[in-house]
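Peer 1: The primary structure of each chain is shown beneath.
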Amino acid sequence: MVSGAGGGGNDVQWCFSQVKGAIDDDVAEADIISTVEFNHSGELLATGDKGGRVVIFQQETENKSQPQCRSEYNVYSTFQSHEPEFDYLKSLEIEEKINKIRWLPQKNAAQFLLSTNDKTIKLWKISERDKRPEGYNLKEEDGRYRDATTITTLRVPVFRPMDLMVEASPRRVFANAHTYHINSISVNSDNETYLSADDLRINLWHLEITDRSFNIVDIKPANMEELTEVITAAEFHPHQCNTFVYSSSKGTIRLCDMRASALCDKHSKLFEEPEDPSNRSFFSEIISSISDVKFSHNGRYMMTRDYLSVKIWDLNMENRPVHEYLRSKLCSLYENDCIFDKFECCWNGNDSVVMTGSYNNFFRMLDRTQRRDVTLEASRESCKPRQVLKPRRVCAGGKRKKDEISVDSLDFNKKILHTAWHPQENIIAVATTNNLYIFQEKVN
Amino acid sequence: MAGADSDDSLYPIAVLIDELRNEDVQLRLNSIKKLSTIALALGVERTRTELLPFLTDTIYDEDEVLLALAEQLGNFTMLVGGPEYVHCLLPPLESLATVEETVVRDKAVESLRKISHEHSPVDLEVHFEPLVKRLASGDWFTSRTSACGLFSVCYPRVSSTVKAEIRQHFRTLCSDDTPMVRRAAASKLGEFAKVLELEYVKSDIISLFTALASDEQDSVRLLAVEAGVSIATLLPQEDLEALVMPTLRQAAEDKSWRVRYMVADKFSDLQKAVGPEITKNDLVPAFQNLLKDCEAEVRAAAANKVKEFCENLPEDSRETIIMTHILPCVKELVSDTNQHVKSALASVIMGLSTILGKDNTIEHLLPLFLAQLKDECPEVRLNIISNLDCVNEVIGIRQLSQSLLPAIVELAEDAKWRVRLAIIEYMPLLAGQLGVEFFDEKLNSLCMAWLVDHVYAIREAATCNLMKLVEKFGAEWAQNTIVPKVLGMANDPNYLHRMTTLFCINALSEVCGQEITTKHMLPVVFKMSNDQVANVRFNVAKSLQKIGPVLDSKYVFIHI
Numbered sequence: 001m002v003s004g005a006g007g008g009g010n011d012v013q014w015c016f017s018q019v020k021g022a023i024d025d026d027v028a029e030a031d032i033i034s035t036v037e038f039n040h041s042g043e044l045l046a047t048g049d050k051g052g053r054v055v056i057f058q059q060e061t062e063n064k065s066q067p068q069c070r071s072e073y074n075v076y077s078t079f080q081s082h083e084p085e086f087d088y089l090k091s092l093e094i095e096e097k098i099n100k101i102r103w104l105p106q107k108n109a110a111q112f113l114l115s116t117n118d119k120t121i122k123l124w125k126i127s128e129r130d131k132r133p134e135g136y137n138l139k140e141e142d143g144r145y146r147d148a149t150t151i152t153t154l155r156v157p158v159f160r161p162m163d164l165m166v167e168a169s170p171r172r173v174f175a176n177a178h179t180y181h182i183n184s185i186s187v188n189s190d191n192e193t194y195l196s197a198d199d200l201r202i203n204l205w206h207l208e209i210t211d212r213s214f215n216i217v218d219i220k221p222a223n224m225e226e227l228t229e230v231i232t233a234a235e236f237h238p239h240q241c242n243t244f245v246y247s248s249s250k251g252t253i254r255l256c257d258m259r260a261s262a263l264c265d266k267h268s269k270l271f272e273e274p275e276d277p278s279n280r281s282f283f284s285e286i287i288s289s290i291s292d293v294k295f296s297h298n299g300r301y302m303m304t305r306d307y308l309s310v311k312i313w314d315l316n317m318e319n320r321p322v323h324e325y326l327r328s329k330l331c332s333l334y335e336n337d338c339i340f341d342k343f344e345c346c347w348n349g350n351d352s353v354v355m356t357g358s359y360n361n362f363f364r365m366l367d368r369t370q371r372r373d374v375t376l377e378a379s380r381e382s383c384k385p386r387q388v389l390k391p392r393r394v395c396a397g398g399k400r401k402k403d404e405i406s407v408d409s410l411d412f413n414k415k416i417l418h419t420a421w422h423p424q425e426n427i428i429a430v431a432t433t434n435n436l437y438i439f440q441e442k443v444n
Numbered sequence: 001m002a003g004a005d006s007d008d009s010l011y012p013i014a015v016l017i018d019e020l021r022n023e024d025v026q027l028r029l030n031s032i033k034k035l036s037t038i039a040l041a042l043g044v045e046r047t048r049t050e051l052l053p054f055l056t057d058t059i060y061d062e063d064e065v066l067l068a069l070a071e072q073l074g075n076f077t078m079l080v081g082g083p084e085y086v087h088c089l090l091p092p093l094e095s096l097a098t099v100e101e102t103v104v105r106d107k108a109v110e111s112l113r114k115i116s117h118e119h120s121p122v123d124l125e126v127h128f129e130p131l132v133k134r135l136a137s138g139d140w141f142t143s144r145t146s147a148c149g150l151f152s153v154c155y156p157r158v159s160s161t162v163k164a165e166i167r168q169h170f171r172t173l174c175s176d177d178t179p180m181v182r183r184a185a186a187s188k189l190g191e192f193a194k195v196l197e198l199e200y201v202k203s204d205i206i207s208l209f210t211a212l213a214s215d216e217q218d219s220v221r222l223l224a225v226e227a228g229v230s231i232a233t234l235l236p237q238e239d240l241e242a243l244v245m246p247t248l249r250q251a252a253e254d255k256s257w258r259v260r261y262m263v264a265d266k267f268s269d270l271q272k273a274v275g276p277e278i279t280k281n282d283l284v285p286a287f288q289n290l291l292k293d294c295e296a297e298v299r300a301a302a303a304n305k306v307k308e309f310c311e312n313l314p315e316d317s318r319e320t321i322i323m324t325h326i327l328p329c330v331k332e333l334v335s336d337t338n339q340h341v342k343s344a345l346a347s348v349i350m351g352l353s354t355i356l357g358k359d360n361t362i363e364h365l366l367p368l369f370l371a372q373l374k375d376e377c378p379e380v381r382l383n384i385i386s387n388l389d390c391v392n393e394v395i396g397i398r399q400l401s402q403s404l405l406p407a408i409v410e411l412a413e414d415a416k417w418r419v420r421l422a423i424i425e426y427m428p429l430l431a432g433q434l435g436v437e438f439f440d441e442k443l444n445s446l447c448m449a450w451l452v453d454h455v456y457a458i459r460e461a462a463t464c465n466l467m468k469l470v471e472k473f474g475a476e477w478a479q480n481t482i483v484p485k486v487l488g489m490a491n492d493p494n495y496l497h498r499m500t501t502l503f504c505i506n507a508l509s510e511v512c513g514q515e516i517t518t519k520h521m522l523p524v525v526f527k528m529s530n531d532q533v534a535n536v537r538f539n540v541a542k543s544l545q546k547i548g549p550v551l552d553s554k555y556v557f558i559h560i
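In the order they appear, the protein sequences are chains F and P.
Heads up: the first sequence begins at 1 in our numbering, then just goes up one per residue.
Heads up: the second sequence begins at 1 in our numbering, then just goes up one per residue.
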């Protein structure tokens, strides 16, 4: 019997479900996926790409006659969210790449999401239309005009059913509030406000008001030469409307309370792991930069991702290395800029497992409760329907066993930066460069 | 049937109806705004059976169209056949009340409230209340938030069983899962309480209020504060202490500064609601704490209320309370670190002088005014200067004038032009209060200096200022003091200054009168018509056009 909320990463066998995107080796720059996000019910899955487009997939309703074939995700809506712009004042191009998408909790029949590029956040409404009016007075339905003298009575149009049409329309544009590149957006549990964070500042917005935002964190030094750290990610607590957290490039996480004061430059709590002196190297500072921070669904824990590890914080702090085997390759990773890759991480629905991506199209699942982990691969070879994914192993050095892959043969151009886990079921969406893979729990 | 008229009268209506579906949103909007014309042409029956069902399904449209529609429907009672048919308007308004756009929902709720009054009590029970029930138990947050605004209008005229149902629904919404709905409930709590019978206010409303005031969401708690103030006005004095005050006290010490800010903001209303006894015992210490709050926004909100709070204290103990409790806090605020706090204080502190009387003002308040006059923030200084009339009444301006003049001069020469502009705007007021001798002695040169400021906006404002001064002090004064100087500028080497002379003449000619204009100003204008700079010359032409009406018509004919 399948458990709905998802068990541990190791009891579950993952099998291939679908892959989206072109299956050829020529990757168009605009198709590179830059963000993946499930909505609150898991029925919709949104992806954003470098070309400024948002594609939304919808889970089909369960097919009772084929219980082993879990619902599939099909394209529901596609729209161009952001266009490239040019900042004339600074002579800089503003990329249309979608940095983040966040869904709003559903408030009526339509769906709402926030999407952002480096400078502008937009609120999109996605709605369905299944009726259209029919009946004109002055013309036929096909557009030909009638003779005006033949009109003897007035006719009121009537609504008739039509094929389902999904429309996306921009409802709000929140612009001109960020000098630096926006890296995160997060919706507050009050459903009224949200924050947006760039390298040095965090702003608080009200969803109805586009011409004003409040600055709640500002770490810009008076003298820019004294700049030593930048904000890398920020998120609101899932239940407490006053708490948010932001991470920095120096590996620290600050928890802030908006109740205490209007400007939250002073943090309430600081989370930092002192470094193991034996591991210190030239690269220490770069690899300690936190690329993502996520609260668990229950709000008791927080997970951060730096270059080599995933850390889970609570009052009792724990941390789990992700790809420790890369430590020996840091030099070459620095040379090809891979050391600056920003990996995201995510929790499963009941906060027992966390997932994050790695190189060679590998992704890792780490089970907190059972303290076990597994490495899986998203590749074209394992694309047969319901094919179970085999765990992969990387050999750091020395004798390579059969089935293992040597760290030197890893393809560092194939990286999985963005992953998402369905909020209730064991369905995951994993983005390689330009493909979206959907895997499900194997149903017996 | 109205529709069977001649073809001519049908055609424009037919156009309007077709445009309801037009691609262009402006045309659709136009048609919706003329909905009453369409309804009249169709007649009441077709409006009810055809037009309204069509409108019920048109919720796919743009906000402005939906907003206009919601508004129109509020006035449609007669067009559907009068009060006995008014319930037909409920379906389209119900669907508009579920739209995500807040302005549209609010307008739909407003229209529903309007037409609720046209419903007979029977119709209220048969049609309106079920609508409210449906919205209140709807799946979407939007319908539940709209429901909150409808309880108070249908409660008064329904039977007691239905009343019990309504109270139950409201209770459910106050503890809804979604903050959005709880916020709507909190913001309507006061209004709902007003229509309830007192026994239910005490039994139901108080517990709902207490629950909302301790909600986990800050945004809900701060709305509960305002509700609390409304509820306090409904209860008899003896119940206030037990039922409402503990919660309000808690709000004044809430962990979230936003909630404390709301308390500060509503403090005067609160004071009026709870009455003098509780004010003395509870509100005075609470106000002191707000004036000393750690968050500047809260202190500023409290500072804004100082005058009103003091004015509304009970007469017998007013002076003592102010001198012992409020004044010490005010003294601290004068040297607050945050400029907005000082600025807020400066705009009300002068008002205390009328309450405290001459002696106390001279001894205690005067030092504070003088300190704020020397504050480094220009806004603080400006706020003091703009409120001098209260002090004038009590102690006369002479006391202040020693400090006043340097302050004015400093503001008049501030580097920021907007600050200079603000002081110019106060100049006529000041001149009136200080009197013509003081003005001539000290301020005249300032006004002249502004006429040759670098910034055009200042020169323009200075010109306008001169006109107002002449209105106050009279044409003769103008002739002796201002006019010679203004006309002297006509020989200035800088063409901008010569043009300023012309603008001044434009402004002053009317207030100075025909004689001065003809004798003194006109010759100067003529002379400038031969000016080297073209801008000056064509402004001469404009001036002549402006001052023409002031002059004697014969003169105009001969010379111009």
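Hints in this document: simulated from the structure, not taken from any laboratory.
Be careful, since some hints might not be right.
[What the hints assert, rightly or not] Pairs of lysine-lysine residues, derived as BS3-like cross-links and limited to a Cα-Cα distance of at most 25 angstroms, are as follows:
#	chain 1	residue 1	chain 2	residue 2
1	F	K20	F	K266
2	P	K292	F	K266
3	P	K33	F	K139
4	P	K133	F	K269
5	F	K107	P	K255
6	F	K329	F	K266
[What the hints assert, rightly or not] Short derived list, chain P residues pointing at chain F, Cβ under 8 angstroms:
#	residue
7	L10
8	L29
9	E45
10	E297
11	L429
These numbers come from a predicted model, not from an experiment.
For every residue, glycine included, the Cβ atom is placed at its ideal position computed from N, Cα and C.
Peer 1: Can the hint on P:E297 be confirmed by a CB-to-CB distance to chain F that is less than 8 angstroms?
Peer 2: holds (5 angstroms)
Peer 1: P:L429 was flagged as interface toward chain F. Is the shortest Cβ-Cβ separation under 8 angstroms?
Peer 2: violated (32 angstroms)
Peer 1: For the hint on P:L29, just tell me whether its beta-carbon gets within less than 8 angstroms of chain F.
Peer 2: Because about 16 angstroms separates P:L29 from the closest Cβ in chain F, which is outside the 8 angstroms limit, the hint is violated.
Peer 1: Is the straight-line distance between the alpha-carbon of P:K292 and that of F:K266 25 angstroms or less?
Peer 2: With a Cα-Cα distance of about 20 angstroms, the restraint between P:K292 and F:K266 holds, given a limit of 25 angstroms.
Peer 1: Is the shortest C-beta separation between P:E45 and chain F less than 8 angstroms?
Peer 2: violated (12 angstroms)
Peer 1: Going straight from one Cα to the other, do P:K33 and F:K139 come out at no more than 25 angstroms?
Peer 2: Answer holds: P:K33 to F:K139 is near 23 angstroms, not above 25 angstroms.
Peer 1: Quick one, are F:K107 and P:K255 close enough, alpha carbons at most 25 angstroms?
Peer 2: Distance ~29 angstroms between F:K107 and P:K255 Cα, so the pair is violated.
Peer 1: Quick one, is the P:L10 hint okay against chain F at 8 angstroms, beta carbons?
Peer 2: holds (6 angstroms)
Peer 1: Can the restraint linking F:K329 and F:K266 be considered satisfied, given a maximum Cα separation of 25 angstroms?
Peer 2: violated (38 angstroms)
Peer 1: Starting from P:K133, check that the Cα of F:K269 is at most 25 angstroms away, please.
Peer 2: violated (46 angstroms)
Peer 1: Starting from F:K20, check that the Cα of F:K266 is at most 25 angstroms away, please.
Peer 2: violated (44 angstroms)
The structure is inconsistent with the numbered hints 1, 4, 5, 6, 8, 9, 11, although it conforms to all the rest.
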